[in-house]
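Chain residues, written in single-letter form:
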Amino acid sequence: MLLKQNLSLYRILKITWQIDLAMLASCTAAYYLDTLVFKGWALPGTFPALMGTAIAFFIGFSNNEAYSRWWEARIIWGALVNDSRSWARNLMAYSHPADYKGISRQEEKMIKRHLAFLYALKASLRRKPDGLYEKYLCEEDRNHVKGFTNIPNAILDIQARELQILQDMNYIDGFKFMMMNNLLQNFTDGMGKSERINNTVFPTTYVYFTKLFIWLVVVLVTMAVSSLGPSSIFLGWVIGFVFHTTHINGMSLMNPFELTPSSIPLDSITRTIEINLLEGLGEKYIPAPIAPERGGEFIL
Amino acid sequence: MLLKQNLSLYRILKITWQIDLAMLASCTAAYYLDTLVFKGWALPGTFPALMGTAIAFFIGFSNNEAYSRWWEARIIWGALVNDSRSWARNLMAYSHPADYKGISRQEEKMIKRHLAFLYALKASLRRKPDGLYEKYLCEEDRNHVKGFTNIPNAILDIQARELQILQDMNYIDGFKFMMMNNLLQNFTDGMGKSERINNTVFPTTYVYFTKLFIWLVVVLVTMAVSSLGPSSIFLGWVIGFVFHTTHINGMSLMNPFELTPSSIPLDSITRTIEINLLEGLGEKYIPAPIAPERGGEFIL
Amino acid sequence: MLLKQNLSLYRILKITWQIDLAMLASCTAAYYLDTLVFKGWALPGTFPALMGTAIAFFIGFSNNEAYSRWWEARIIWGALVNDSRSWARNLMAYSHPADYKGISRQEEKMIKRHLAFLYALKASLRRKPDGLYEKYLCEEDRNHVKGFTNIPNAILDIQARELQILQDMNYIDGFKFMMMNNLLQNFTDGMGKSERINNTVFPTTYVYFTKLFIWLVVVLVTMAVSSLGPSSIFLGWVIGFVFHTTHINGMSLMNPFELTPSSIPLDSITRTIEINLLEGLGEKYIPAPIAPERGGEFIL
Amino acid sequence: MLLKQNLSLYRILKITWQIDLAMLASCTAAYYLDTLVFKGWALPGTFPALMGTAIAFFIGFSNNEAYSRWWEARIIWGALVNDSRSWARNLMAYSHPADYKGISRQEEKMIKRHLAFLYALKASLRRKPDGLYEKYLCEEDRNHVKGFTNIPNAILDIQARELQILQDMNYIDGFKFMMMNNLLQNFTDGMGKSERINNTVFPTTYVYFTKLFIWLVVVLVTMAVSSLGPSSIFLGWVIGFVFHTTHINGMSLMNPFELTPSSIPLDSITRTIEINLLEGLGEKYIPAPIAPERGGEFIL
Amino acid sequence: MLLKQNLSLYRILKITWQIDLAMLASCTAAYYLDTLVFKGWALPGTFPALMGTAIAFFIGFSNNEAYSRWWEARIIWGALVNDSRSWARNLMAYSHPADYKGISRQEEKMIKRHLAFLYALKASLRRKPDGLYEKYLCEEDRNHVKGFTNIPNAILDIQARELQILQDMNYIDGFKFMMMNNLLQNFTDGMGKSERINNTVFPTTYVYFTKLFIWLVVVLVTMAVSSLGPSSIFLGWVIGFVFHTTHINGMSLMNPFELTPSSIPLDSITRTIEINLLEGLGEKYIPAPIAPERGGEFIL
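Residue numbers (UniProt numbering), protein chains in the order written: chain P, 1 to 300; chain G, 1 to 300; chain L, 1 to 300; chain W, 1 to 300; chain C, 1 to 300.
Heads up, a few of these hints could be off.
Pairs involving identical chains hold if they fit within one copy or between any two copies, as the list cannot separate such chains.
[Claimed, not checked] Dumping the calculated SDA-like pairs for lysine to any residue here, alpha-carbon to alpha-carbon at most 25 angstroms:
1) LYS146 with TYR285
2) LYS211 with GLY295
3) LYS128 with GLN5
4) LYS284 with ARG161
5) LYS112 with ILE286
6) LYS211 with GLU297
It should be emphasised that the hints constitute simulated quantities derived from the structure, not laboratory data. Just so you know, these numbers come straight off a predicted model, no measurement behind them.
Using the sequences plus the hints, can you model the full thing?
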């Protein structure tokens, strides 16, 4: 997630320099084509204006959908935060005999296993297996889940089996069993929804043609203002800069679980849950919140 | 679902060649009509500009709704993934006596029958009966469902009857019965929602008139720039290319369960569930994930 | 629901002929007013262009809301389909003693009474009382519901009373009672939501002023291009055709329960449920699906 | 809620006459300023066109949000209709011993008290305390609720206490208690959501600046077409009429619980529930539906 | 939340004076650059018109998302109001033995602790720790929660533990336990959703580039109308005023929990709940509603 309100010129150029050069080249070509080859041919300004207006719509549409994916991803992980807190609360407050004081071993195990679920899900979404989740699993669980394609799902299966044990031992009644199983179902849903966003490619034809159309407008604008002389190259680039930058901004939100500065800060969210849950368990060592990168420019 | 970010020229032409030819013909006709027949008649550029802006709105509207149908379809099948996992988890973890170890025959049967439900639903949505679902049904079930118009619904009816048996045998209590019946109800909803999208034709007047209006703009633009000479034919085609391509892109998402490259990849999603569930059952033979088609261009 | 992708010229003219004639008359008047009365008065093209752009927005807004009403109506009836199947499934699978085989008289009665609910709701939404619902009610029920303003609601009241009897006879426990009562509540919600759309008039000022503004644009466009001679009458009509047709298309979706070709196909949806439920009951006579009207042009 | 599709000239003038006069005055001033003071100054048409397009967007935005508030308000009260029917149904069908026939005194009291809740909520939303709710309360309740700031909330508190009594007397079990308490919670939510819309002022800066911008456009348009002579005053007014009217239409939906012709018809909706519930109770005197006002122009 | 419909000139200048001055400077520079340096260079009006239209879209997009964040924040706190009332109602009506009259000490404590939760959450969202929440906690609780990073979450943990005590003492059964725990879960969700909005920075590239693009348009417009003389400086400023003001309006809603005049009025909402709950408890001292600030201009 980007944090800084003002971008440095460095970052703007970093985002756009390739496309800037390509545009300047195209506009120069368009300008000389128009003035040297198509002499006497004067494209009226309303023509690229019509195209530009239409394309602004289509960019707006893509950006809208990209933002929706990003925000939905954030909502999904926000819900995982909330349900993680409820999961820990339910375990700590409701899942032992009335005369038991404090937190039982079993409760601690199920809370920490939930942290393992979150770490495994994060690694899977970012397609970077890191084994960080193993820290919160006992050895038996660690060995068990390795045989599965979908590790976070396998962890939830263990949670379900142990929830049944809680009921078999009469620590929780049917109502509490149902409430906690609902939370497991919510975790399944949060996992599946994240996978849906991560695995569904935004219709590539939109992205491709929008880019193509922007190039068309850039060239046509340059030609339409070519009577102004070489400054028309600059004007073509200005229009292209506005359109391409906006399109690039949108695209940077399209895959919100990738490991980029504008993505959802999974590290930071997971750490927040970790801190809340470990504090609740009364652990001595509580990890620090994730710090922003590159002097506060973004957080991962 | 399309996978490749860059379309080959071949694919662009494949999508648009018919309409490209038709447009070039119309623009040529419009050009000669304007210059030879309507001599001295000079359509001002603001006229097609106004029409074009209005039509860009209407294309945007159709595309928006088309994308919504596509994304809703994806969400519905995402929810089927999640609930399938919960269904298998509930059966494996909660639905046998406390002293029973492993997975009972009955549980395995109900999990595999669920795979039959998904295969039957997929075939029905694509209107291509393929009998693949039969693999996961016992012979009795196979014969039973054949008498029904709606096979997936008939499979759910069997699941409900067997759920009742689980309760009659005291393997599940009222809470678990309710949780699992809720999942059956979710499957019913997912099935019905898919049918709704599949069977509801997007208002045909929108699609028809939008196409008609684009043709109007193409012809009028050509006439408005006819003073530029034959290159106005090319300019008319450029505008038409932008508008028609965008409209075609939208339309390709309108019926997301059809068997086309841009549709929801039902094969791939069903296979993902299949792998998760069979792994959970500890099956030896696990099918491979569905591979992309035509060198990674799309996945079905 | 319209089915045909291509409209015949006949249908287009049928939709628009009145407005076409009125527009041609207005444009002719505007043209002669401009050229004969306001000689030397040359309205610049940007003026109607600005108005046209603004009005395209407002048409887009109305169309958006109209489509939302139509699609929400479809979703409501889709949910009625799903819950009807769940209702029948719950009755057939769960609502008799464990040793009872087959479907009891009481279950059949409650399933058929649900079909009566759907037929009564359909007739009430279309404001065409047809008595078709009576077929699925016993005489006692038929007489009872006649005293009520809202017949479908009265049918649901009977269902609730008989649900209580199922529990009094210990055929269903509290969990099943709750699940089935939730379905009754869903039917109440589906009924109420349909009534909400049906009884809420879309703000009439929007519709009225949008129409008025389109007429303004048509006249102003004609005047702005009057220097082209009588063909400006044609151009005025073209703009008007685009705007009015789009507006009419939107309006045709505004009241989705009316008995028009573009409305939600309540006959067809109700029949689908009827077929599913009667097949489930093992009835011998199953009615055929509703056939499209006028050679496949639409379905009711 | 407005009912008439066609507005009389009287109503249009009633909505707009003040602003029409103010616009004519401004346009006249702008015209003479432009032609007498700023002689030789010719504002190009693209300038107000750009501003007009931008402002059309912003008007569209405000209208969208205003309509959303109006439609959400309608949905909230639609849900109150549905839950009111479920509340009455649950009380009448489930809340007395199995051998009791008919409707008990207690049930009748709780159904009528619900009507009091609706009348009290309606009066509170319209900020017009009318005491109509007292008709459906016994004297004890009437005196009790008077001490509270929020009368509808106090009525719900009584309902909750009496629901507990139903359970204490073993008329309803835990399941039914939960179902009915859920309805009470829905009423709490409907009340709170209505209050949210009623008490949240739409960001005033939007409304204020949009109005200001429209005046700017009106003046600038007049100046841009001033070369046409005094008719430019009329053209400025036309643009202003389109923009202001659309903005006023939107604003009229912004506060949907106010007592205006375009508001949500709370009287009519409450009466519909009243009729349904009293018919269900078998009351002899059933009030008539609310009739439209001013010859069918609107309903309150 | 802003209350006044009409802004004073003072407030407008306060919002915009910095940007107004900067714009006047830029426009002046642009004007003299265009007329003195780039003599003979005449930028056609369609060029900034195209850019302006595109940027109006992008401003519209940002404003839309900003408003959505603001309105979602309001909805979240509206839901907290509703669930707070349900929480108090459930405690007062259902959570003591049937023969107990009035409100028990335990109930009072749990209702007041909920007010502490709201005050702690409010302070945390505004990042202004104020200790106001301590008033509603007993000393033991006060000391307990101080050790936690997230105080409102720690308060909910205490509520959960005491809810378990209510059940251990047989004051509430499993159904009531579940209903009340659902409310605790809703509070957890409301807290987490508020944190999500508060901690998620709107993609900074959008805000930054939109501002940059507006400056571009301002300069280009000034140049395009420079032939009108120094008044083009004024016209550039007018366009900039419209665009910047609209953008600033949107941005002021982006972070709805900040302590600014346009934010969600958390003080006022919390006080409303406080009044409702204390009245319900029969407290003698009821605090007054929060009064608007600066002569009714806004409420916090």
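Hint check results:
For a Cα distance limit of 25 angstroms, the shortest separation of LYS146 from TYR285 across copies, 17 angstroms, qualifies, whereas the shortest one inside one copy, 28 angstroms, does not. In this assembly of identical chains, LYS211 and GLY295 lie within 25 angstroms of each other by CA distance solely across copies; the values are 23 angstroms between and 33 angstroms within a copy. Taking identical chains as interchangeable, the C-alpha atoms of LYS128 and GLN5 lie at most 25 angstroms apart only when they sit on different chains, with a minimum of 22 angstroms there against 29 angstroms within one chain. When the C-alpha separation of LYS284 and ARG161 is checked against a cutoff of 25 angstroms, the pair qualifies only between copies, where the shortest distance is 22 angstroms, while the shortest distance within a copy is 29 angstroms.
Taking the shortest Cα distances, LYS112 and ILE286 sit within 25 angstroms of each other inside one copy (13 angstroms), while across copies they are farther apart (31 angstroms). For the identical chains of this complex, LYS211 and GLU297 are inter-copy neighbours only, at 19 angstroms across copies versus 28 angstroms inside a copy, given an alpha-carbon limit of 25 angstroms.
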